[in-house]
Amino acid sequence: MKEIILIKDGELALKGLNRSTFEDALIKNMRERIAPLGGFSFRKAQSVIVVEPETEEIDLDEAVSRIQKVFGIVGISRCAVCEKDIDKIRETAYTYLRDELLFAKTFKVTAKRADKSFPYKSPEICDEVGGWLLSKIRGLKVDVHEPDVTVTVEVRDDSAYIHGAQLKGAGGMPTGTSGRACLLISGGIDSPVAGYMMAKRGVKLTAVHFASPPYTSELAEMKVHELLGRVSMYSGRVNLFTVPFTEIQEAIRDNCPEEMFTVTMRRVMMKLASRIAVWQGCDALITGESLGQVASQTIHALKCTDECAALPVFRPCIGMDKNEIIEISRKIDTFDISIRPYEDCCTVFTPRHPRTRPTPEYAREIEAMLPEEDAMLQRAYDGAKLLVIEAFAS
Amino acid sequence: MDIYLDNSATTKVCREAVDAMLPVLTDNFGNPSAVHARGVRAKTALETARGRIANVLSCAPEEVYFSHSGTLANNTAIFGAAEMKKRAGNRIVTTALEHPSVANCMARLEERGFEVIRLKPAAGGAFAPEDLLRAVNKNTILISCMLVNNETGAVNPVELLQKAARRAGAPALIHVDAIQAFGKMPVKPGKLGADLLTISGHKIHGPKGVGALYVRKGVQIRPYVVGGGQENGLFSGTEPLPAIVGFGAAAAALPDVNRTLERMHELRRYAAEQLKALPAVAINSPADGLPYIINLSVAGIPSQVLINYLSERGIYVSAGSACKKGHRSEVLSVMGLPPARIDSAIRVSMSRYTTREELDALVGEIRNATKNIRTKL
Numbered sequence: 001m002k003e004i005i006l007i008k009d010g011e012l013a014l015k016g017l018n019r020s021t022f023e024d025a026l027i028k029n030m031r032e033r034i035a036p037l038g039g040f041s042f043r044k045a046q047s048v049i050v051v052e053p054e055t056e057e058i059d060l061d062e063a064v065s066r067i068q069k070v071f072g073i074v075g076i077s078r079c080a081v082c083e084k085d086i087d088k089i090r091e092t093a094y095t096y097l098r099d100e101l102l103f104a105k106t107f108k109v110t111a112k113r114a115d116k117s118f119p120y121k122s123p124e125i126c127d128e129v130g131g132w133l134l135s136k137i138r139g140l141k142v143d144v145h146e147p148d149v150t151v152t153v154e155v156r157d158d159s160a161y162i163h164g165a166q167l168k169g170a171g172g173m174p175t176g177t178s179g180r181a182c183l184l185i186s187g188g189i190d191s192p193v194a195g196y197m198m199a200k201r202g203v204k205l206t207a208v209h210f211a212s213p214p215y216t217s218e219l220a221e222m223k224v225h226e227l228l229g230r231v232s233m234y235s236g237r238v239n240l241f242t243v244p245f246t247e248i249q250e251a252i253r254d255n256c257p258e259e260m261f262t263v264t265m266r267r268v269m270m271k272l273a274s275r276i277a278v279w280q281g282c283d284a285l286i287t288g289e290s291l292g293q294v295a296s297q298t299i300h301a302l303k304c305t306d307e308c309a310a311l312p313v314f315r316p317c318i319g320m321d322k323n324e325i326i327e328i329s330r331k332i333d334t335f336d337i338s339i340r341p342y343e344d345c346c347t348v349f350t351p352r353h354p355r356t357r358p359t360p361e362y363a364r365e366i367e368a369m370l371p372e373e374d375a376m377l378q379r380a381y382d383g384a385k386l387l388v389i390e391a392f393a394s
Numbered sequence: 001m002d003i004y005l006d007n008s009a010t011t012k013v014c015r016e017a018v019d020a021m022l023p024v025l026t027d028n029f030g031n032p033s034a035v036h037a038r039g040v041r042a043k044t045a046l047e048t049a050r051g052r053i054a055n056v057l058s059c060a061p062e063e064v065y066f067s068h069s070g071t072l073a074n075n076t077a078i079f080g081a082a083e084m085k086k087r088a089g090n091r092i093v094t095t096a097l098e099h100p101s102v103a104n105c106m107a108r109l110e111e112r113g114f115e116v117i118r119l120k121p122a123a124g125g126a127f128a129p130e131d132l133l134r135a136v137n138k139n140t141i142l143i144s145c146m147l148v149n150n151e152t153g154a155v156n157p158v159e160l161l162q163k164a165a166r167r168a169g170a171p172a173l174i175h176v177d178a179i180q181a182f183g184k185m186p187v188k189p190g191k192l193g194a195d196l197l198t199i200s201g202h203k204i205h206g207p208k209g210v211g212a213l214y215v216r217k218g219v220q221i222r223p224y225v226v227g228g229g230q231e232n233g234l235f236s237g238t239e240p241l242p243a244i245v246g247f248g249a250a251a252a253a254l255p256d257v258n259r260t261l262e263r264m265h266e267l268r269r270y271a272a273e274q275l276k277a278l279p280a281v282a283i284n285s286p287a288d289g290l291p292y293i294i295n296l297s298v299a300g301i302p303s304q305v306l307i308n309y310l311s312e313r314g315i316y317v318s319a320g321s322a323c324k325k326g327h328r329s330e331v332l333s334v335m336g337l338p339p340a341r342i343d344s345a346i347r348v349s350m351s352r353y354t355t356r357e358e359l360d361a362l363v364g365e366i367r368n369a370t371k372n373i374r375t376k377l
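Order-wise, the sequence lines are chains A and B.
FYI, the working numbering numbers position 18 of the first sequence as 18, with every residue one higher than the one before it.
FYI, the working numbering numbers position 352 of the second sequence as 352, with every residue one higher than the one before it.
Watch out, some of these pointers could steer you wrong.
As the list claims (entries may be wrong) - Here are some, though not all, of the chain A residues that point toward chain B, as calculated from beta-carbon distances under 7 Å:
| no. | residue |
| --- | --- |
| 1 | PRO213 |
| 2 | PRO214 |
| 3 | TYR215 |
Everything labelled a hint here was simulated from the structure, so no lab data went into it.
On a predicted model such as this, the values are computed, not experimentally measured, just so you know.
Note that CB positions come from ideal geometry on N, CA and C, so glycine has one too.
All chains should be built: construct the whole structure from the sequences, respecting the hints.
The structure is reproduced here in structure tokens:
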């Protein structure tokens with residue numbers, strides 16, 4: 001039996017004449033995710049996208065589970081495809097959904113006749129298919145209000161499609177349709193969640209990580225790779241730039257007052273990330289900052305760091321409680337990785353009593369204490385190493 | 001050039017073990033339980049390995065039971081002894097510094113209603129004899145203690161365990177976890193008064209995936225794992241023959257233990273002298289401990305930072321033990337060291353292949369680290 005996947009896109013329908021652009025982006029994203037499983041063809045048809053495996057050996061379970069993580073989809077249905085012939089439709093409905101129906105008490109059939117030349121009208125299709133299933137499976141009853149199983153028959157231009165339950169898609173907008181932004185990722189709980197949330201709104205991700213060996217270990221970098229691997233299952237491929245940050249952190253330690261370590265470090269990070277972001281064609285930065293969570297994330301501290309960013313800074317977690325952020329990190333499977341106990345760039349040289357109400361003027365004054373800051377930034381920028389994180393790298 | 005100084009975590013497999021294992025992986029791959037010729041040949045290899053281990057332990061081959069790891073042997077010894085003796089009494093005596101494969105068994109037995117007494121270490125990290133005598137009463141059914149501490153190298157006077165049990169008239173079985181000691185100092189269960197004694201393959205340049213439990217003739221314990229009844233029912237599951245054969249070969253390849261020990265003492269003295277010359281360094285291991293392990297703290301440099309620093313330069317050491325990643329060492333806290341010293345502790349563990357040049361390099365890089373790294377604010 002030939003099986004295909006029917007994709008219903010959601011918000012896309014609102015996009016008027018841009019629709020085609022959005023659908024193309026969605027198809028591109030789906031292709032990137034499921035191509036490693038085998039050959040698929042993609043076809044736009046009457047408000048759905050039809051994903052058809054080229055051979056029967058392809059693992060459709062896995063394909064569906066990957067597609068469930070692609071943004072821009074409202075519903076996913078796995079369907080059996082058959083000829084537009086009422087006998088074939090009845091028989092296919094029975095063989096395809098028998099296992100599901102055997103465990104159900106009640107069912108109903110709904111039909112959609114997009115091809116108006118099909119000789120049976122929608123209610124007649126329901127009668128034919130429903131009657132057939134009732135005669136085949138003993139004990140099954142019809143319940144049109146709250147059925148255990150809904151059998152859907154769609155007669156389209158090319159073929160008839162039969163499917164059972166529709167799965168929920170990931171929602172959001174196709175990644176890439178809202179441009180590109182640069183995520184600052186440390187290895188904690190918040191930044192992967194921030195990346196996921198912006199990807200959901202259609203943003204394609206580039207990432208920047210600051211490494212300070214030997215204060216931070218290789219394990220901390222591997223942790224970031226793994227975190228982005230999880231995020232990329234939703235966002236698609238991520239280009240990660242790892243920036244050598246030891247020299248700068250040591251310079252801050254040696255030249256700046258302790259209470260301003262973190263704010264100064266964040267300012268420099270914003271500058272470096274902005275440079276990489278501009279170079280990579282990003283139009284915004286993304287951070288996992290949440291208002292008041294730590295001293296460097298007070299409204300005053302954010303004012304000091306924000307002015308160093310050359311691009312708008314998206315902070316999707318800004319109004320969330322830690323628990324809410326954790327909930328999302330569990331959903332996207334990053335939590336267990338995030339809580340591994342390795343030092344990261346943000347926990348090295350943590351001041352005992354950080355200043356919580358710095359002013360931008362003071363922060364600038366402190367930053368000016370760094371000797372040859374521009375040259376240091378340039379060295380860090382030049383030393384950045386690229387690693388491409390692929391979704392479902394095989 | 002790599003300098004590997006984490007030999008208490010695991011060791012490089014020696015040539016002799018590799019050579020012995022290869023034929024068991026390729027030609028002589030039979031199941032020792034099979035009765036055909038191939039099985040018999042495998043069985044012969046198994047018994048040869050058993051003989052080699054027995055030889056080092058100065059015990060009878062039938063007192064050696066191969067297990068699939070040191071942890072499984074420790075679990076079997078402790079749960080098996082407790083189960084066997086539960087009607088004779090309720091008290092178990094152990095120390096506060098055991099390896100998790102013992103300590104976690106004890107915690108579980110406590111949940112089941114046994115009274116577990118944990119001896120606190122004296123200043124050097126070993127338990128004090130008078131504490132032992134006080135703890136063992138006539139209800140004591142098991143006394144379990146490690147011979148050498150895996151983090152500090154402190155040596156416990158385990159030969160006192162049996163004496164304490166006899167004095168109290170206790171029906172106790174004596175278990176010694178000798179995993180860190182075996183091959184590095186004389187370990188003779190008869191002499192130590194042990195009824196049960198655990199050793200492991202990969203700490204003596206054998207492969208991973210094999211351990212052994214010595215069970216004194218006449219002593220019975222209840223198997224912890226049930227199955228096909230291999231190893232006289234004590235360790236069910238097809239014998240990991242390649243690993244066992246490698247373990248046997250590694251044991252046979254051990255050089256004269258006393259002479260090696262002397263050389264290691266010299267190496268340790270050499271390293272300690274140079275380390276002590278660095279003002280930031282404090283040595284946490286007792287001077288009379290097993291010389292293979294030097295636990296030290298470098299003031300102001302957190303363990304992980306120093307490990308990263310040394311690792312970048314091809315020198316591999318660890319923080320405390322490899323078995324408890326990311327936690328502050330309980331062993332050092334129980335010994336009463338201040339938190340700052342615990343958080344900056346590293347464990348240097350040598351093998352018989354360690355050279356003076358390697359220790360020179362280590363000391364040199366620690367000296368550089370004290371100059372270059374500063375996390376103190």
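Quiz item: Is the hint on PRO214 of chain A kept, meaning its closest Cβ partner in chain B is under 7 Å away?
Solution: holds, 4 Å
Quiz prompt | Hint validity - PRO213 of chain A Cβ closer than 7 Å to any chain B Cβ | solution = holds, 6 Å
Practice problem: Have a go at the TYR215 of chain A hint: is there a Cβ in chain B nearer than 7 Å to its own Cβ? | Solution: Holds, because the Cβ-Cβ distance from TYR215 of chain A to chain B comes to roughly 5 Å (cut-off 7 Å).
Hint check: no violations occur; every hint is consistent with the structure.
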